[in-house]
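Peer 1: So the chains spell out like this:
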Amino acid sequence: MGGQFIFFLLVLLAIAAVLKGDFAFTILYLIVGTCLLAPLWNRYAIRKLRIQRTFEPHAFLGEYLPVRLQIQNTGILPIVWLRIRESIPTALATFPKLEEVLSLPPKGQAELVYKLHARKRGRYAIGPFFASSNDVLGLSGGYQIEGAPGYLTVYPYIIPLFNVKFPSRSPLGTLRHHQPIFEDPSRVLSKRDYIAGDSMRRVDWKASAVVGRLQVKQFEPSIALETTIFLNLNRNEYPDQARIDSTELAIVIAASLANWIISKKQSVGLVTNGGDPLAADTLVQPISSRKGRGHLMNILEILARVQLSERMAFTELVRNRSAHLPWGTTLVLIAGQADESLFDELFQAQRRGQDVVLVIAGRGGNLQATRRHAHYFSIPFFAFRNEAEVNDWRKLE
Amino acid sequence: MTLLMSLRWNERWTSLASHTLLVLMVFCFNLGLVRFGEFIFPAWNSADMLLLLFFVILEAIGSSRLINRESSSLTYRAAEWVVLLTSVKVFTELRLGTAVFAENLSLWSRDFFPSFFTPDLILNLSMAAFTWAVTSLFARNLKDLEGDEIIFGNTGMPVDRRAIHSEVLNRFLMLGLVLAFFAGVMRQTRFPLLNRPPASSGDILFVFIYFLFGLVLLSLTNFASQRASWIAENVTIRSNLTGPWIFYSLVFLGGVTIVAMLLPTRYTLGFLDLLTYILKSLVYFCQLIAAVIVYIFTSFINLLSLLFGKSMAVSTNPNLHSNPNMILNQPQPPVSLPSWWEFAKSLIFWILFTTIIVFAFSQYLQRSRRLAELFLRFPFTKWLVALIGWLQGTFLRGRKEVGMAFQAAMVRIGRRRTPRLKKPIENLISLRRLTPRQRVLFFYHTFIRRAGETGLPRQPWMTPAEYSRSLEEELSIDGDEIGTITDAFNEARYTRHEVKEELATKVKSTWERIRVFLRVKSRQ
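For the record, the sequence lines run as chains A and B. Here the first sequence is numbered in our numbering, starting from 1 and rising by one per residue. Here the second sequence is numbered in our numbering, starting from 1 and rising by one per residue.
These are computed hints drawn from the structure, not numbers from a lab. What you are looking at is a predicted structure, and each value in this text was computed from that prediction instead of being measured. Beta carbons are placed, not taken as given, at the ideal position from N, Cα and C, and that holds for glycine. Take the hints with a grain of salt, since some may be wrong.
Stated by the list, open to error - Chain B residues, not near chain A, derived (Cβ > 12 Å throughout):
| no. | residue |
| --- | --- |
| 1 | Thr86 |
| 2 | Phe181 |
| 3 | Glu233 |
| 4 | Asn490 |
| 5 | Ser509 |
To be verified - Computed spacing ranges between beta-carbons, pair by pair:
| no. | chain 1 | residue 1 | chain 2 | residue 2 | range |
| --- | --- | --- | --- | --- | --- |
| 6 | A | Gln285 | B | Tyr494 | 36 to 46 Å |
| 7 | B | Leu50 | A | Arg43 | 40 to 50 Å |
| 8 | B | Ile258 | A | Arg43 | 19 to 29 Å |
| 9 | A | Asn236 | B | Val159 | 52 to 62 Å |
| 10 | B | Tyr494 | A | Thr54 | 39 to 49 Å |
The shape of chain A in the complex, shown without the other chains:
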């Protein structure tokens, strides 16, 4: 195109020179002015473009999430055409692609709205978007700007659990317990007559005055469930054929248990050998036991983005981390299989005064042998081949 214009300008100059036609200069100005100013206009206009993406950065599985792209022309020159392209992860997309051409007047704005479907847990980059434009005559190659991506975390599937029975040795908690050794003095169950040997501390003096004989308070036994979930995400410790399903099931179990424990107002922590795409050393940092919804959200966020890794064996992880956990902590181990070395570590943990629960997720390993070992070490053992089987824990007592 430029060549055509140059030829035209040369001939026009020749006409101007031969015929001494000064008007030819006006045509020259018009053509050259157009060729120079049209790309300049476009470059200025695109520099004045502001695009903002707004969306909720967290979503639960199955949710539909609206995303708004607000495009604003802050300049005084219009943008004749603007092509907006948004990169969307295929796992979330509800349509083939988002690409639209629109026009923006000076100081004008437009909005593109689309929906994402949270089909799979993970941390997804929404964007970047690309905005490109060119002048009305297509004289330049055009200009393009690229916007930063936003990030969406889709939490793993959470199965609401009701009927979970985990052991604990920590007294003075909020969970009821059948052993009277874990009596909670803040929870008065009933009163009875004093019998010899009762502690004077238990005497309810007001009630004794009313009744006329000594009354003793009876407390409700309770425990505190200090739990740490150990999640095995070592790629090599899952069978090849069921690796993805088993690890995803393990994550779902971990998320569901964390949710259940937090709902019981207990503290929970998470230790995993999975990879964290955000962490510098690519391993997920252990999360210490805490209570509260905010803490649960932290755990879910980690579980949303955690990936398979090969950096640390599960036995090594259990050995390194369980030693630092306090007495009475319940270790919930979620893995694809359990070998003898792992049972050795679990036995050591029991000796340290920690309770251990073993959960096998997926269709890997020799379940019978694992069950036998668990029975031998008196370790509560659960095995789930799929999410439907986890539903057993959903049943109310």
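Following the hints, complete the assembly by docking chain B onto the known chain A.
Peer 2: Frame of chain A, contents of chain B only:
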């Protein structure tokens, strides 16, 4: 509105606008053609010719749209030409009156060819044929630019719209050159035989209008080309794109046309004369500054001589009196200088002309890379490119350094100002508006004031540390509150790093504790 409707909407309006622009553009060309005919053939009867050509334009567009290129049989074209020929003949004859037409009609039976193909008819027919051909070609191009639905539905072979856009551009520029040639000839005064006055600027206004409409038409063909690529890539096109496209193209190109028409096209000063004039003006300006400096210096020397008791007789020295003129060598203004307006016009003209030349060269070299590489092999060119690169680099570096120096200066000024409170601290009402540094200073000053009121004033010779020690002895505070507030004050007053919000909060709480002790002390 569905995607398909949006496509139809955009295509329909683009097509309508493109054809309207085509009619206007070719009409402008016809205006030039007829004027040129009148200029060359003064005896030619051009009355109502534009009307005839206008209908020819409409017929050509109509025919191009109605018939299919593949099925355009020779029969239709022959019939079309017979109709055109007859129409032009009837038009040519009827202009002279029905009586003349009837008389000429009778001549056809005797000697058909000479009486039918009169010079007037041949000229009119030539113009009509040219107009028809040009319009048909453009109209065919515009028709080829349609068919968004075919691309969308993938139901046929799409045409290369970029090539068509290029074809339209070629034709537009070629016709523009022809028109420019016509206008150039009409502006000549060197054809005395023609005995025609040269056309005025107003008479050739149609040339600029032709280019304006042509460029807007090009923008629309570009739009059609873009649309095809968008549709092929499944990009959603908003339905309201055509209106803004046409409007902004018209506004932009109209604006450029008006500016181009206002710019000077003549020069009274040649390029070298202009450079000489600019250089002389610069030298004159420098000399003027030098004269002012010399004048100030001699005045200062005279004043100094008064101090030493010498009279101003020095100034009366004829040599000195005459010296400035000799030293300064006052430049003589250029002889017969043009007026400032002529000078400005010449300056603008040469700047624009140089810009055009540089632009053309840069475009040419950018597009033919091999030639550019060959060009760069010559030592002189290498040196020239290196020089340009050095100048560019120096300019960019200089700009960056100046910018950095300016920023640094602004930061320094800001730092100097920050610790100082513009108003007396006591008069400040809202602590929230103060920066953490200012808040630390505020609490320390309040502390000194209150301590002074309690009977423990700070002596002018005391440093903050000395004052702190004396207060600690007087107040006998267990903690290190006074040390804390003094250290915080020293940090806020004498350091440049940012004072954190936590420090200001800490100083506030420290001051509140000290206040209790001061209150106790004042009660005692």
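Peer 1: Look at each hint and say if it fits the structure.
Peer 2: Against the structure, the hints come out as follows:
Distance check for Thr86 of chain B against chain A: the nearest CB is about 37 Å away, which clears 12 Å, and the non-interface claim stands. Against the 12 Å criterion, Phe181 of chain B falls within the reach of chain A, whose nearest CB is about 6 Å from its own CB. With a minimum CB-CB distance of about 7 Å to chain A, Glu233 of chain B fails to clear the 12 Å threshold, and the non-interface call is violated. Every CB of chain A is more than 12 Å from the CB of Asn490 of chain B (nearest about 38 Å), matching its label as outside the interface.
Every CB of chain A lies more than 12 Å from the CB of Ser509 of chain B, the least distance being 28 Å, so the non-interface label holds. Checked against the given bound of 36 to 46 Å, the beta carbons of Gln285 of chain A and Tyr494 of chain B, roughly 41 Å apart, stay inside it. For Leu50 of chain B and Arg43 of chain A, the hinted distance range of 40 to 50 Å is satisfied, since their beta carbons lie about 42 Å from each other. Range check, Ile258 of chain B to Arg43 of chain A: Cβ separation about 23 Å, and the 19 to 29 Å hint holds.
Between Asn236 of chain A and Val159 of chain B the Cβ separation comes to about 58 Å, which falls inside the hinted range of 52 to 62 Å. For Tyr494 of chain B paired with Thr54 of chain A, a C-beta distance near 46 Å keeps the hint of 39 to 49 Å intact.
Comparing the model with each numbered hint stated earlier shows that hints 2 and 3 do not hold.
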